[in-house]
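Keeping the supplied structure of chain A fixed, place chain B upon it in accordance with the hints.
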Amino acid sequence: MARAITPRRKALNTAIAWAIGLVIFFPILWVFVLSLKTEGSAILPPLDVLRAPWTFESYGLVQERSNYFRHFSNSVIIAVGSTFLGLLVAVPAAWAMAFVPSKRTKNILLWMLSTKMLPAVGVLYPIYLLFIRMGLLDSRLGLTIVLMLINLPIIVWMLYTYFREIPGEILEAARMDGASLREEVLYVLTPMAIPGMASTVLLNIILAWNEAFWTLNLTAAQAAPLTAFIASYSSPEGLFYAKLSAASVMAIAPILIMGWFSQKQLVRGLTFGAVK
Amino acid sequence: MATQHSRSAARLMMAPAVTLLLGWMLVPLTMTLYFSFKQYLPMRGGDLGWVGFDNYVRFVSSSAFWPSVQATLVLVGGVLVITVVLGVALALLLDQPMWGQGVVRVLVIAPFFVMPTVSALLWKNMFLDPVNGFFAHILKAVGLAPIEFLSQYSLVSIILIVSWQWLPFATLILLTATQSLDSEQLEAAEMDGARWPSRFIFIILPHLSRAITVVILIQTIFLLGIFAEIFVTTQGSFGTRTLTYLIFQRVLESQNVGLGSAGGVYAIILANIVAIFLMRVVGKNLDA
Numbered sequence: 001m002a003r004a005i006t007p008r009r010k011a012l013n014t015a016i017a018w019a020i021g022l023v024i025f026f027p028i029l030w031v032f033v034l035s036l037k038t039e040g041s042a043i044l045p046p047l048d049v050l051r052a053p054w055t056f057e058s059y060g061l062v063q064e065r066s067n068y069f070r071h072f073s074n075s076v077i078i079a080v081g082s083t084f085l086g087l088l089v090a091v092p093a094a095w096a097m098a099f100v101p102s103k104r105t106k107n108i109l110l111w112m113l114s115t116k117m118l119p120a121v122g123v124l125y126p127i128y129l130l131f132i133r134m135g136l137l138d139s140r141l142g143l144t145i146v147l148m149l150i151n152l153p154i155i156v157w158m159l160y161t162y163f164r165e166i167p168g169e170i171l172e173a174a175r176m177d178g179a180s181l182r183e184e185v186l187y188v189l190t191p192m193a194i195p196g197m198a199s200t201v202l203l204n205i206i207l208a209w210n211e212a213f214w215t216l217n218l219t220a221a222q223a224a225p226l227t228a229f230i231a232s233y234s235s236p237e238g239l240f241y242a243k244l245s246a247a248s249v250m251a252i253a254p255i256l257i258m259g260w261f262s263q264k265q266l267v268r269g270l271t272f273g274a275v276k
Numbered sequence: 001m002a003t004q005h006s007r008s009a010a011r012l013m014m015a016p017a018v019t020l021l022l023g024w025m026l027v028p029l030t031m032t033l034y035f036s037f038k039q040y041l042p043m044r045g046g047d048l049g050w051v052g053f054d055n056y057v058r059f060v061s062s063s064a065f066w067p068s069v070q071a072t073l074v075l076v077g078g079v080l081v082i083t084v085v086l087g088v089a090l091a092l093l094l095d096q097p098m099w100g101q102g103v104v105r106v107l108v109i110a111p112f113f114v115m116p117t118v119s120a121l122l123w124k125n126m127f128l129d130p131v132n133g134f135f136a137h138i139l140k141a142v143g144l145a146p147i148e149f150l151s152q153y154s155l156v157s158i159i160l161i162v163s164w165q166w167l168p169f170a171t172l173i174l175l176t177a178t179q180s181l182d183s184e185q186l187e188a189a190e191m192d193g194a195r196w197p198s199r200f201i202f203i204i205l206p207h208l209s210r211a212i213t214v215v216i217l218i219q220t221i222f223l224l225g226i227f228a229e230i231f232v233t234t235q236g237s238f239g240t241r242t243l244t245y246l247i248f249q250r251v252l253e254s255q256n257v258g259l260g261s262a263g264g265v266y267a268i269i270l271a272n273i274v275a276i277f278l279m280r281v282v283g284k285n286l287d288a
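For the record, the sequence lines run as chains A and B. Using the numbering used here, you'd call the opening residue of the first sequence number 1 and step up by one each time. Using the numbering used here, you'd call the opening residue of the second sequence number 1 and step up by one each time.
Excised from the complex, chain A in its bound form (with noise of 0.2 Å):
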């Protein structure tokens, strides 16, 4: 049963989330707005900003810059690359560990899940080093096969408990009616796997796209994905605050979108199942 509230104090609810929410929001705002505005006006203070002309001149500019769609595509093969070279990997894992559960199965999980605390700056000289002898430094390539590494124990943990969901029961009327193996997996598990595997494509979509550590250090100018283009505005042309906007704004906006769909999703793919 909910609980009965006064509407004044609904309202006192609503008016203080509202302004924290606002406050905690305000930057991405901000720079939408300075995104909107001419490189001399975006350095005025905050009010003269508001009253000056709005333009999406700065959105053009970004890509005479420099090469914007060549580090946008970068980033869209390489998050997507990467999760579905995951997925591929780690459905039938999942599957498995799901559904043919032995008394290792939990142990295999978290050695897995582990695997992902490993710190990557101790291993960064390693992979540096690899990377230069196959010739995969400052490759799509490369870069794709370390986040899908990276993100593997999340892929396979978050299908896990969705498959887990899926009732045994079910899988056993299907053998009994005489389903091969093959065809209970894709007549009976996939359709109902769908939804779980869709927020997890989702959810690490957004984790490779944000990946900034190996990105950082693994790229260079032909595989650089938006999070290592935008870190080359931390030199003084940062000061251009219009066109270091205009290319924020467009780094962000898929993922903040996508972000927005997968919320509850996060939490389960995040904490592996610790938080319900």
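It is worth saying that the hints were derived from the structure and are not from the lab. Because the structure is a prediction, the values reported are computed rather than measured. Cβ atoms here follow ideal geometry from the backbone N, Cα and C, with glycine treated the same way. Check the hints yourself; a few may be wrong.
Said to hold, decoys possible - Partial list, computed: chain B residues near chain A (C-beta under 10 Å): (1) R7; (2) P28; (3) Y34; (4) L93; (5) M98; (6) G100; (7) L107; (8) F113; (9) N125; (10) F134; (11) L174; (12) V215; (13) Q235; (14) G239; (15) V257; (16) Y266.
What the hints assert, rightly or not - In silico DSSO-like links for lysine-lysine, alpha-carbon gap of 27 Å or less: (17) B:K284 with A:K103; (18) A:K116 with A:K103; (19) A:K264 with A:K106; (20) A:K116 with B:K284; (21) B:K284 with A:K106; (22) A:K264 with A:K116; (23) B:K284 with A:K264.
Below, chain B without anything else, positioned relative to chain A:
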């Protein structure tokens, strides 16, 4: 139930994932261990032979080591305190009835989806910049001198940036946990005359303790590895050189791989200590 046949099929299906992760873990780890016992300077002579535990001793006795430990502890501790305290408060607030709850939640969660390099640059240039930053304009407007946040209050500034990024995570998880709280229990306590502070301490906080533990452990693991936020703001100067950043500098900037690798081994040990506790909490949940 599971037959012999399906068991071996299952093993086969797990094999690619297990092999890949085993390789990802063992190969670089072995190499890091190997380099850590060598004097290895790729730019200045390459492999100069075995040196035993020399790198381990030199890493901890260098003048940069203790300040970096201190910076790491202050950064991780500061962000944890801010995000957990504000996260609990926000979760309880967002759980209250209000108009436009969904929209507020979206606003609060947004910073988590901003890539680290963008959020660091956004704060560095648009807000903390002593000439054109938002805060500088406000300070000037009220007649105060602008502050060089990133050099004068460097670590505090980075704590602010990182807290802004992680507060949504803490809030979201604590909110999920808050929503599973039995409201009848709270009502019963209220009817029995328990005031808000005692309801908070004896009912809400114990209920959230598990979620708080999870938030602390997961954030600690991510916060120990904070990199991009320092890389694009202070580059480790002004007392913001954390352990992770120090190792990065040793390995890639000064190309002292042996020394950096020894540092890497320390970082791995440190992360493992945290991970063991996290695994216990997660593992318990697997049995349930």
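Each hint tested on the structure:
no.	hint	result
1	R7	holds (6 Å)
2	P28	holds (4 Å)
3	Y34	holds (9 Å)
4	L93	holds (6 Å)
5	M98	holds (4 Å)
6	G100	holds (7 Å)
7	L107	holds (4 Å)
8	F113	holds (4 Å)
9	N125	holds (5 Å)
10	F134	holds (6 Å)
11	L174	holds (9 Å)
12	V215	holds (8 Å)
13	Q235	holds (9 Å)
14	G239	violated (19 Å)
15	V257	holds (5 Å)
16	Y266	holds (8 Å)
17	B:K284 with A:K103	holds (15 Å)
18	A:K116 with A:K103	holds (22 Å)
19	A:K264 with A:K106	holds (24 Å)
20	A:K116 with B:K284	holds (19 Å)
21	B:K284 with A:K106	holds (10 Å)
22	A:K264 with A:K116	holds (21 Å)
23	B:K284 with A:K264	holds (22 Å)
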